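Novice: Sequence:
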Amino acid sequence: MNACQNGVEAELHSLCAELVAELGRRGLTLGTCESLTGGGLAAALTSVPGASRVFRGGLVTYASDLKSSLVGVDATLVAREGVINEATARQMADGASRALGVDVALSCTGVAGPDPQDGQPPGVVWAGLRMPDGRVLTERLDLTGDRATIRQLTVFACLRLAREWVCS
Numbered sequence: 001m002n003a004c005q006n007g008v009e010a011e012l013h014s015l016c017a018e019l020v021a022e023l024g025r026r027g028l029t030l031g032t033c034e035s036l037t038g039g040g041l042a043a044a045l046t047s048v049p050g051a052s053r054v055f056r057g058g059l060v061t062y063a064s065d066l067k068s069s070l071v072g073v074d075a076t077l078v079a080r081e082g083v084i085n086e087a088t089a090r091q092m093a094d095g096a097s098r099a100l101g102v103d104v105a106l107s108c109t110g111v112a113g114p115d116p117q118d119g120q121p122p123g124v125v126w127a128g129l130r131m132p133d134g135r136v137l138t139e140r141l142d143l144t145g146d147r148a149t150i151r152q153l154t155v156f157a158c159l160r161l162a163r164e165w166v167c168s
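Residue numbers (full-length UniProt numbering): 1 to 168.
Calculated from the structure, these hints are not laboratory results.
Accuracy of the hints is not assured; some may be wrong.
[As the list claims (entries may be wrong)] Simulated restraints, written as ranges between beta carbons of each label pair:
#, residue 1, residue 2, range
1, Gln120, Thr76, 17 to 23 Å
2, Ser52, Gly82, 33 to 39 Å
3, Glu9, Arg98, 29 to 35 Å
4, Pro121, Ala63, 17 to 23 Å
5, Glu81, Asp115, 16 to 22 Å
6, Leu28, Glu81, 27 to 33 Å
The structure displayed is predicted, hence computed values, not measured ones.
The C-beta atom is built at its ideal place from N, Cα and C for all residues, glycine as well.
Can you build the whole structure from these sequences, using the hints too?
Specialist: The following block contains the structure:
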């Protein structure tokens, strides 16, 4: 691993450690529902010692139909608009909160590439964050880079979104 990779890994670990510590201080639990990251959010979070105090689990709904069958994304929405949209990210976060029994749920859906999906180019990503009070925040990301870069940037952006709320 080169110095740049070491720096990225250290930054990611620090971000996760801060989030896990603050969730623990607040007595909140966390879960994830991921698509394009394929479990990257859960892997990053569980790399932190003590994460099991706050992280209950994650769902990887990589296939579009699993977003409906596992977390309750509206199948009509998926058929009509695909899964790369704000409504899907919102419903994934809500569904993960229910399915995993967590206070805070992170979701992400998007296109890592190399090909477009649902009429969206690579780099279009929607992140969702379900709060303990039931509100769901969403954020559209327009990322650039190759497939691996887009996936890595998605993990960072989702974790930063969670940290901004939890640590504010």
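Novice: At the C-beta level, are Glu9 and Arg98 separated by a distance inside 29 to 35 Å?
Specialist: holds (33 Å)
Novice: Looking only at beta-carbon atoms, does the pair Gln120, Thr76 fall within the given range of 17 to 23 Å?
Specialist: Roughly 19 Å apart at Cβ, these two residues keep to the hinted range, so it holds.
Novice: Is it true that Glu81 and Asp115 lie within 16 to 22 Å of each other by Cβ?
Specialist: Between Glu81 and Asp115, where Cβ atoms are some 18 Å apart, the hint holds.
Novice: Regarding Pro121 and Ala63, is the given constraint of 17 to 23 Å on their beta-carbon distance met?
Specialist: holds (20 Å)
Novice: Quick check on a hinted range of 33 to 39 Å for Ser52 and Gly82, using CB atoms only.
Specialist: Given a distance of about 35 Å, which is inside 33 to 39 Å, the answer is holds.
Novice: At the C-beta level, are Leu28 and Glu81 separated by a distance inside 27 to 33 Å?
Specialist: Cβ of Leu28 to Cβ of Glu81: about 32 Å, so the range 27 to 33 Å holds.
Violated hints for the displayed structure: none, as all numbered hints are satisfied.
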